[in-house]
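If you're matching them up, the sequences are chains A and B in order.
Taking our numbering, the leading residue of the first sequence gets 5, the next gets one more, and so forth.
Taking our numbering, the leading residue of the second sequence gets 24, the next gets one more, and so forth.
For the record, the hints were derived by calculation from the structure and aren't laboratory data.
A few of these clues could be false.
[As the list claims (entries may be wrong)] Only pairs whose alpha carbons sit at most 30 Å apart, straight line, appear in this in silico DSBU-like list of lysine-lysine: (1) B:K129 x B:K111; (2) A:K22 x B:K129; (3) A:K166 x B:K111; (4) B:K92 x A:K166; (5) A:K22 x B:K111; (6) A:K209 x A:K193.
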Amino acid sequence: MTMTGDSAGYSIYSAIVKRRRTVLATMALASLLLFLLCVATGPMRYSLADVIRTVLNPDSVSGLMRSVIWDYRLPEAALAVVVGASLGMAGAEMQTILDNPLAEPYTLGISTAAAFGASLCIVFGLGAGILGDYALPAVAFAFALATCLVIYAVARLRSSDKQTIILMGIAMLFLFQSLVSLMQVTTSKEAASAVMFWMFGSLGKADWENVAIVGTVALLAGVLFALNFWKLTSLRLGDPKASSLGVDVGRIRRNILITVSLLTATAVSFTGTIGFVGLVGPHISRMLVGEDQRFFLPVSALAGAMLLCAALFATKAFDLVSSLPIGIITSLIGVPFLIIMILRRREATL
Amino acid sequence: MTLDVEGLGFSYGRREVLRDISLSTGEGITSLIGPNGAGKSTLVKCLAGIHRPGSGTAFFNGLELISGKRDPDLRVAYMPQDQPCTTKMTVLEVILLGRVRSLSIKVSEDDMEHCYGALEDLNIEELAERPFNQLSGGQCQMVMVAQCLASDPDMIILDEPINNLDLRRQLEMFETMNRMTKKNGLTTLMVLHDINLAARYSDRLAVMGNGRMHGYGTPSETITEEMLEDVYGVKAIVDRGRFGIPRIEPICSCSCRRGCHP
Numbered sequence: 005m006t007m008t009g010d011s012a013g014y015s016i017y018s019a020i021v022k023r024r025r026t027v028l029a030t031m032a033l034a035s036l037l038l039f040l041l042c043v044a045t046g047p048m049r050y051s052l053a054d055v056i057r058t059v060l061n062p063d064s065v066s067g068l069m070r071s072v073i074w075d076y077r078l079p080e081a082a083l084a085v086v087v088g089a090s091l092g093m094a095g096a097e098m099q100t101i102l103d104n105p106l107a108e109p110y111t112l113g114i115s116t117a118a119a120f121g122a123s124l125c126i127v128f129g130l131g132a133g134i135l136g137d138y139a140l141p142a143v144a145f146a147f148a149l150a151t152c153l154v155i156y157a158v159a160r161l162r163s164s165d166k167q168t169i170i171l172m173g174i175a176m177l178f179l180f181q182s183l184v185s186l187m188q189v190t191t192s193k194e195a196a197s198a199v200m201f202w203m204f205g206s207l208g209k210a211d212w213e214n215v216a217i218v219g220t221v222a223l224l225a226g227v228l229f230a231l232n233f234w235k236l237t238s239l240r241l242g243d244p245k246a247s248s249l250g251v252d253v254g255r256i257r258r259n260i261l262i263t264v265s266l267l268t269a270t271a272v273s274f275t276g277t278i279g280f281v282g283l284v285g286p287h288i289s290r291m292l293v294g295e296d297q298r299f300f301l302p303v304s305a306l307a308g309a310m311l312l313c314a315a316l317f318a319t320k321a322f323d324l325v326s327s328l329p330i331g332i333i334t335s336l337i338g339v340p341f342l343i344i345m346i347l348r349r350r351e352a353t354l
Numbered sequence: 024m025t026l027d028v029e030g031l032g033f034s035y036g037r038r039e040v041l042r043d044i045s046l047s048t049g050e051g052i053t054s055l056i057g058p059n060g061a062g063k064s065t066l067v068k069c070l071a072g073i074h075r076p077g078s079g080t081a082f083f084n085g086l087e088l089i090s091g092k093r094d095p096d097l098r099v100a101y102m103p104q105d106q107p108c109t110t111k112m113t114v115l116e117v118i119l120l121g122r123v124r125s126l127s128i129k130v131s132e133d134d135m136e137h138c139y140g141a142l143e144d145l146n147i148e149e150l151a152e153r154p155f156n157q158l159s160g161g162q163c164q165m166v167m168v169a170q171c172l173a174s175d176p177d178m179i180i181l182d183e184p185i186n187n188l189d190l191r192r193q194l195e196m197f198e199t200m201n202r203m204t205k206k207n208g209l210t211t212l213m214v215l216h217d218i219n220l221a222a223r224y225s226d227r228l229a230v231m232g233n234g235r236m237h238g239y240g241t242p243s244e245t246i247t248e249e250m251l252e253d254v255y256g257v258k259a260i261v262d263r264g265r266f267g268i269p270r271i272e273p274i275c276s277c278s279c280r281r282g283c284h285p
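Just chain B, same shape as in the assembly (with noise of 0.2 Å):
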């Protein structure tokens, strides 16, 4: 299970947001990190059927990812960074959408216990009857990434899946994604801005700056002071920790005048 992306390019209009990105990533999470505005997102979007990119290949397994050329047998589940959470729709109904193009007009035993399946894998099953609609931000987080489960996946994409999740869910959420990953042999993409998160749960890394790729590689291969100079712009230390799994601890941005840091 391959993930290739050779020399992606998109842009808003005249904006150009993404510029010649390359990517090739297996199982496992990879998670892709970055400053605000780095194209991250956009690039998720584009690996999602949302954006059409204006030039470059992606493939999953050899498969055509690119929308309006995407292979009808991709099984590709994506949660947006900004889910609208206005449907009355209950949340088993929701999580049900994930498994669209399967659906007949009666709802099959199978469909409806992998719902529930997802459910009960993120300890949310209390919520099964509950409108979509008056569930808080963090749970209704938690039901998209159900949905993504509940629909056979080979691929998954997260946009930003802990914004608004506590401590526990966050850490739950992440234990349940890796559980998850290694059990079905998934290819696990993230959007996160939490680096120490990042490096912690993933296997691999990917770093964006101002639309280009700056970085690839492990998390300990890729969390190393230069980088966060170079693409945040941010002052740091990089603690290897017990494990060897990098811990940033932010000392000032680079525009500081104070002379703050050491």
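So that you can see chain A by itself, here it is in the shape it has in the complex (with noise of 0.2 Å):
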């Protein structure tokens, strides 16, 4: 092999990583402004300053000061940030392992299953008897968690082949689509609008305790695909080329959509459906840091969290909180992004 004494080969991967190190700082203190502009904004309205300050030092602000922020404005915004990140995450890693762009935790019926739980739960009052307030996201939960594992068993027996699992989703998301409309056409007004709006999602019921459960599952998720950076990676190259290069192909697909469908399942069933934050985060992470999941992965997190963080502060911004869902904004926030990203594309990724 020939080697070149002046590095010729490390400048030059070099300098593309020192680009997508700058795009990942850039994107990390942005997500932290919207996340700060998020709780001071709303019908009592804070200064910047006062957020940070109350966030330090809680004791030097008045007593309702830190309790509208540390009790109300601090866990929605940081549901938001949790979700997004998880729905980011859970949309570059389907997107992966399943080598199509269109892919997120909708197309695999994930959220929709969790949908049809959390819709049976509001209709028939399924485990309020013994989960009390928790009935709700736990339904939606066990919901998702079957479906991924249907999808799992019966793309097992195709050896986790990638069509398999996509055909067993999309059967999925069309199956529980129609449940869902099944129970809305039967039941009572009430219960039907009710359904929709979970279907569209909300940030309503944020607290610590939401945060710290999806958080959690947001961060083991993250380090379990820390710790298959580079085979994922592989994974652009087709599935012949992953396997001649040592990585067990099915083995690690069959892992990520397992934690794809944790990951999704816990965020959504505290939330509601929100849609178009797992396709479009992984989009613009992709057009900005390219495809090594180093900088790829939390760059879709970091765009999931401030697409989330955007649409919470404009429905805060413009008083929408009681009118729209935040699962409307995002989608209303996120498509002219997406056009304009696309339509501004460069030839060549950082």
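Taking the hints as your guide, dock the two standalone chains into a single complex.
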């Protein structure tokens, strides 16, 4: 092998990595700023300085401000961050393992299965006697997980073939969509509108416990993804090439599918189905930092978190809290943003 | 460095594709030749760990090659016949993935030097920063060969490596593979369709037909008019050139009814 003395390859590569690190750092700062803006905005508006002071030194501010910020605003904004990041990561890895840019948690029917579980709870009160307030997220989670296991079981019969996973996912999506619609047309108007409201997603029931649960699952999933960064990146070269590089393609696809399902099920069980974030987050990431998972995954998570924070900020800034669920706002913000990104897409990635 | 295959069999469902394949070859370039559907690509997929054969054994230097039982110390680089060129990663990143087993979260200077060195070996270093999905079919193929070289392999398997290359690139590819194979003591296995190029650049040829091994030996030993008629169904004249390298001149297929062969 020829070895060059001037490290030509390393300097080219270092320049690419440096640009990506800059994007990552900028995204992290922008996410933090959006997070603080979400906390500052609401019926009672605070300055960013007030918010930072309350976060760093709660005793230095009035009891009302402390309560508003620590008990309502911070958990709500934090839930937006962890759910957005979870959906961004879930979409990124779903697109990676299925080699399909249209894949996201919604594609495999996982979110819709959660919606069906939630509607069973809303319409029939399933699990309410035993689980109380946690019945709805628990039943939604159970259905999402069960759907993932069904997809996994069928895919396993075909060596975890990605086409089988996608087709099974689409079948599940249509099945649960039909079941939810069936329940909506056969139940009372109030229950039907409650189901519909849940399906559009909401951060209204945020508390620190929800944030801790979703955040912990996101962190654990992130660690698992990070342990497989290079293997996941090599899947972009196709299954045969990845296999020849020593990657157990079937095994990694199964493990990531189950992790993504857990991640999605946990996130949507507390907020309802928030579509689009899992689709657009990875696309923004891919345009900014390419397909190296070391950058693609964290930037997808940050893009997801920013989208949901931006949606939350918009609902608060324009006083839309009571009238529009957050899932609608994410699409309204995300679609034009995605179109601008597509039109301004540079020929080369960073 | 020896590759030993014994009694290998493989089926796609009920369709038997490989039957009792045995092959023993060593350092240098061995080319697999044979008509379409002979099982050449399936055989190399079995050796690359992509397919798991239904029967038989395969060892490289005494280490198990078969998927599922494969020795983790084995360094076998494989270039598939139909490599998708859809990723937006830069060429340098694609080549880096050849070293996926040894990469840590931070890429070392040594890793990157091997990758860039492989590009230089193939005279394509100008492609380093180009997105992979913007390359031509031939460039894509050259990059995948560079990826194989960058992985520091003991054995390289190339499935139809010159398919999309122009004449100059074809010769450059063979010259590089010849040089690298000799320099690093590699065992290189290539699937080729061009019999004349295979004869010129290979140390040994393995002839396959209908899922079986028909012959193995030096180009002079294997390329005969009888073999071409039996395996390919082609009437041809085999000419021995100045250096004794066989060169075929096809006349017509055996099914030709016009009597155009002499």
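So, going through the hints one by one against the coordinates:
As the CA atoms of K129 (chain B) and K111 (chain B) are separated by approximately 21 Å, the hinted pair is consistent with the 30 Å bound. Between the alpha carbons of K22 (chain A) and K129 (chain B) the distance comes to roughly 12 Å, so the proposed pair stays at or under 30 Å and holds. Annotation: proposed proximity of K166 (chain A) to K111 (chain B) holds, straight-line Cα distance about 21 Å (limit 30 Å). A threshold of 30 Å between alpha carbons decides the hint, and for K92 (chain B) with K166 (chain A) the separation of about 24 Å falls inside it, so the pair holds.
A threshold of 30 Å between alpha carbons decides the hint, and for K22 (chain A) with K111 (chain B) the separation of about 18 Å falls inside it, so the pair holds. Taken as a hint, the K209 (chain A) and K193 (chain A) pair is honoured in the structure, with Cα atoms around 22 Å apart against an allowance of 30 Å.
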